[in-house]
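Colleague: Here is what each chain is made of, one letter per residue.
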Amino acid sequence: AQKITQTQPGMFVQEKEAVTLDCTYDTSDQSYGLFWYKQPSSGEMIFLIYQGSYDEQNATEGRYSLNFQKARKSANLVISASQLGDSAMYFCALRNYGQNFVFGPGTRLSVLP
Amino acid sequence: DTEVTQTPKHLVMGMTNKKSLKCEQHMGHRAMYWYKQKAKKPPELMFVYSYEKLSINESVPSRFSPECPNSSLLNLHLHALQPEDSALYLCASSQVGQGDFGGANVLTFGAGSRLTVL
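Going down the list, the sequences are from chains W and D.
Heads up: take any position in the first sequence, counting from 1, add 4, and you land on our numbering.
Heads up: take any position in the second sequence, counting from 1, add 14, and you land on our numbering.
Simulated from the structure, these hints should not be mistaken for laboratory data.
Glycine included, C-beta positions come from ideal geometry on N, C-alpha and C.
You may find that some hints are simply not true.
As the list claims (entries may be wrong) - Counterexamples of contact, computed for chain W against chain D with all Cβ distances above 12 Å:
| # | residue |
| --- | --- |
| 1 | T11 |
| 2 | S69 |
| 3 | C96 |
Stated by the list, open to error - Pair by pair, the computed Cβ-Cβ distance ranges are:
| # | chain 1 | residue 1 | chain 2 | residue 2 | range |
| --- | --- | --- | --- | --- | --- |
| 4 | D | T30 | W | E65 | 45 to 55 Å |
| 5 | W | E21 | D | K32 | 42 to 52 Å |
| 6 | W | S46 | D | G28 | 42 to 52 Å |
Let's have the full structure, built from the sequences with the hints guiding it.
Modeller: So, in structure tokens, the structure goes:
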């Protein structure tokens with residue numbers, strides 16, 4: 005069975021500072037992918053970053069990086085230099101090979117001016 | 015502009031109405047999805063249309079029925095809905111389907127259709 009845990013229902017960060025959003029996952033498969041999505045109050049889910057289970061390097065996309073620790077089954081999202089527009093819900097998701105996406109409960113991030 | 019277009023953005027309907035949500039993608043993706051999202055919850059998968067085959071989440075009631083006129087369109091027909099069906103309905107597409115893997119599995123979402131059932 006696949007499961008995603010995000011233990012931080014809400015987070016606050018000061019503008020221009022870095023923030024880490026936690027994500028742990030549970031799967032017995034060896035082949036899987038981990039994804040992070042951002043959902044602003046408008047509702048659209050925006051893809052941020054992807055990490056494959058066999059990728060040796062941590063994924064990075066601009067201000068977003070994924071701290072992938074396979075042995076610990078964690079895939080934390082790091083946002084550097086936070087901006088007011090980063091205030092949103094953030095969902096971590098897991099997809100095993102041949103399976104559907106499983107989303108975590110989400111973390112609401114609020115960036116303070 | 016989003017590459018997955020959903021219409022309408024907002025819909026209010028009575029429990030006896032019949033309405034449809036429309037979703038179109040222009041990226042040549044092979045798989046399309048409907049998700050339901052209640053407030054402060056993650057999206058829940060309802061239907062997947064992949065490689066001309068429809069997969070249904072068995073927990074979805076029959077008052078929701080998907081229709082795929084072609085590989086770019088995935089509509090959701092609504093009939094005799096209940097107030098608890100009020101939610102944000104998200105359409106998504108992916109380059110490859112469930113049987114494939116890799117970064118190409120990224121889901122591209124539309125802006126959503128916010129449904130209120132009175």
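Colleague: For this structure, which hints from the list above don't hold up?
Modeller: Hint check: 3, 6 fail, others pass.
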